[in-house]
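Build the complex: two chains, separate frames, hints provided.
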Amino acid sequence: MVDSQGKIFLTLAMVRIDDSTNQKEMVPVALSVKGALRGMMRLAPISVFVVPFGVGFGIAAIEQGLTVVQAVAMSAVVFSGAAQFASLEFWPEPVGLTSIALVMFAVNARFIITGAALSTWLNQLPILTRWFSLSFLSDPNFVDSRSAFQAGEKDVGVFLGGGLILWLTWVGGTVLGALAGENLGDLKVYGFDVVMVCFFATAITSRLKPLSAVVPAFISAAIAIATLDLLPLGWNIIAASVAGGMWGAYQNAV
Amino acid sequence: MPSELAPWAAMGVIATITFLNRIAGPFIMSRLRTSARVERFLDAMSVSVIVALISSALARGTIREVVAVGASALAMLWFNNAIVALIAGTSAAALWLKFLA
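Protein sequence lines, in the order shown, are assigned to chains A and B.
First residue of the first sequence? That's 1 in the numbering used here, and the numbers climb one at a time after it.
First residue of the second sequence? That's 255 in the numbering used here, and the numbers climb one at a time after it.
Here chain B stands alone, though its shape is the one from the complex (with noise of 0.2 Å):
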């Protein structure tokens, strides 16, 4: 293959493995029967996929993201508005590394 069509190549192996797994999941759950099992399977992997999203995060980081995380869970409780928890944990990621870090 001559070597400028490499990242082409590359590109499209990357778009269709990912559109793949995209429709994966809808396509096995079409081949299921639903059930209150199932329902409730899906409830709970959704808040756990968050959470594990959210976890690894965190683990990866430093103090810095636990507090921003810290911030914007307490400012979402507080106040009920996503975008005013998004402020106040942006804000204390920047003032952390400002001062404390």
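Chain A extracted, bound-state conformation (with noise of 0.2 Å):
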């Protein structure tokens, strides 16, 4: 009893710590022009190869009957490769509305996983702002700017940047892809197929340096590749992460 009160007192306690010091970590962010510059220098190399991802896109998308134009239209305002490749099993008819809003809601999951990762930063922001940037929310700029972010950057351009770059290439690949199709022959041959994974390979490698990222990292690995046939495509990642966010949030928790 006595044992019980004197935890809640220090969970209290710790909570108004808490409160205190991240009112003093909390800088103030920006979102400028030059950050954006940055932002895409940054994303530059990577985007490159992003283009062969839209080629691929392209060439799928006139395959299940997109016009041009409408497969130009969808890497344009949808911009995520998931949910792109993911939408074109209801093509040629694509009439059930309700089930293409579930699946793209299931494929997209993982965007509110790294939206709310990045919240500290972009909640900083004006709305309209903050819902510009994230309409260019996708993996690798997620990736590049919350690492980032941690080191110090206070400009949001940096995270739009990214985003724009990706957009950039992603819409060029569609349009290469839509256009000239099949003479473009087959990108396994040059590796282009494992960019993103490699990138992402890259970027984890120095953020599982401190030991108590290294548990986490265990957990969500495994229930990724445990759950991969168990969920419906996109889950198992959104599983995986908060199971490794849990053992975050709870491993100093005494």
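These are calculated hints, taken from the structure and not from any lab test.
Treat the numbers as computed from the prediction; the structure is a model and nothing was measured.
What you were told as hints is all true, and nothing was included just to trick you.
Here are some, though not all, of the chain A residues that point toward chain B, as calculated from beta-carbon distances under 8 Å:
(1) P94
(2) V95
(3) I112
(4) T114
(5) S135
(6) F199
Ideal Cβ placement from N, Cα and C applies to all residues, glycine included.
Next up, the structure:
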């Protein structure tokens, strides 16, 4: 009884201390053109490799019966490889709008998680600027800007610029693929298809140095692989990330 | 609905749902009281997302993808340069396909 009350008191004290430190650490962020250019430069090398992915989507979209204009428009307004490839399953007769909506929610639900992980910085922007920047949220610019922010970056332009250059190369690649189609040959020969997973590997290599990050990483890997065939497309990522996050949240709680 | 409009309607739904997913995370977080525990959750979760993306790509792929990821991770540790690491990874995948697959 006393013990549990003591614990409650301690927890409350912890929350108070945490709040004061949070306010102290809350650095004001801005969004500038200069920052966006910096973000574009940071992701320029990786975005070159997005072109072949866009080409792949362009080719697949034409095969599924989309017109060139529709394929390019989809890349421009959706800007999500996973969602777009998954949506092609509904073509050439995309009429079940409710099931399309549900599949899209499932495939892109990881954006809820990556968006939440950037909220500390993004939520300091005015709402329309925040929503505009978030329209360009994708895996590479999440990975890149989250580490930049943690290293002290205060310009959300880094996130937006990274997204913009990925968007440009994604749309550009789709135009190429939709127009030139199969003439471009198999990009696997050059190893371009593995570039995204390699990019994630380089991003994680330095993040795994603190030992506290290793256990959630193992938990996440195990759950992602174990649930790959059990859960609908994309949900193994959610299950794995939330489990890793929970471990991180409670590991220090005594 | 005329059938020529169906693709555009579907695209509208796809774009809208994707956008809502993108803005949902920060929206939810703006309603929550942040604490050190929430911060630790987000920290560990952001590492976990990346690990989960890699692991499921590798689980779906072949040894070629594992070799490529291994080559980039090693190159990253060795040279501490992301571009060198990406070149190492893609070259490893290309060479594997040419000589060993």
